[in-house]
Amino acid sequence: MEPLAKDENRQLISLNLDDPTEAALSKFAGRIGTLLTGPTVRMNPDLAGSLDDFLGAVYALIQAKRHDFTDRPDRPIEIAAVEKRAVQIAAGRVRTEGKWIAGFYFNNALFRTAAVYHRVLKIIVGKSAYAPALRIEAQALYPRWSSENLPIVHSQVNDLKHTPRGLHDQRTVTYAIALAAVGELLELIEASAGKP
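Letter by letter, the sequence shown follows residues 8 to 203 of this note's numbering.
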């Protein structure tokens with residue numbers, strides 16, 4: 008990623024579009040932008056709101072990469088580091104770099120992707136139910152849609168939300184899976200909006 012630049016007195020980072028991951032993230036954001044200008048989304052505030060949160064997932068993946076996120080399965084939680092960070096924040100100092108921040112952004116991307124996935128399934132199918140059941144119905148509506156990574160992300164987020172242990176040392180979702188899940192969700196939204 009390139010050094011910070013100023014735009015309207017705000018800091019911006021520049022993506023390296025020669026990097027395959029950053030190029031993919033850039034294209035995902037462009038596709039979301041295209042969807043936001045289309046009539047299907049403009050007539051559906053629920054879908055527009057979902058795309059707002061979904062762009063946040065792309066942003067979080069950018070930030071996770073910028074902060075050098077690395078997949079670290081089987082890593083026990085480092086309570087001393089969390090304790091140190093809590094003490095720093097209590098003293099009015101907030102650290103904005105490092106592996107913990109990278110993981111924070113990665114988890115944010117997972118939560119947003121899983122939430123938008125479930126919301127979009129409800130919008131497309133037209134009813135509320137658990138995501139796995141809605142996925143089957145969405146697959147019937149859009150048989151060309153592939154979704155092998157989205158259920159993995161959704162399941163991991165549910166484990167994070169609903170199991171006492173969480174996933175700090177059992178995460179199976181990698182950055183590559185998260186990136187692929189974003190692409191799959193975009194394909195579903197585009198199909199439902201009539202985009203080729």
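Note that these hints are calculated values from the structure, not bench results. One or more of the hints may lead you astray.
Taking lysine-lysine pairs in the DSS-like style, the calculated list, with each CA pair at most 27 angstroms apart, reads [said to hold, decoys possible]:
#1 91 <-> 34
#2 168 <-> 129
#3 129 <-> 34
#4 168 <-> 91
#5 134 <-> 91
#6 134 <-> 34
#7 134 <-> 72
#8 129 <-> 91
#9 72 <-> 129
#10 134 <-> 106
#11 106 <-> 129
Right, here's what the structure says about each hint:
no.: 1; hint: 91 <-> 34; in the structure: violated (38 angstroms)
no.: 2; hint: 168 <-> 129; in the structure: holds (20 angstroms)
no.: 3; hint: 129 <-> 34; in the structure: holds (25 angstroms)
no.: 4; hint: 168 <-> 91; in the structure: holds (24 angstroms)
no.: 5; hint: 134 <-> 91; in the structure: violated (45 angstroms)
no.: 6; hint: 134 <-> 34; in the structure: violated (30 angstroms)
no.: 7; hint: 134 <-> 72; in the structure: violated (36 angstroms)
no.: 8; hint: 129 <-> 91; in the structure: violated (41 angstroms)
no.: 9; hint: 72 <-> 129; in the structure: violated (30 angstroms)
no.: 10; hint: 134 <-> 106; in the structure: violated (39 angstroms)
no.: 11; hint: 106 <-> 129; in the structure: violated (35 angstroms)
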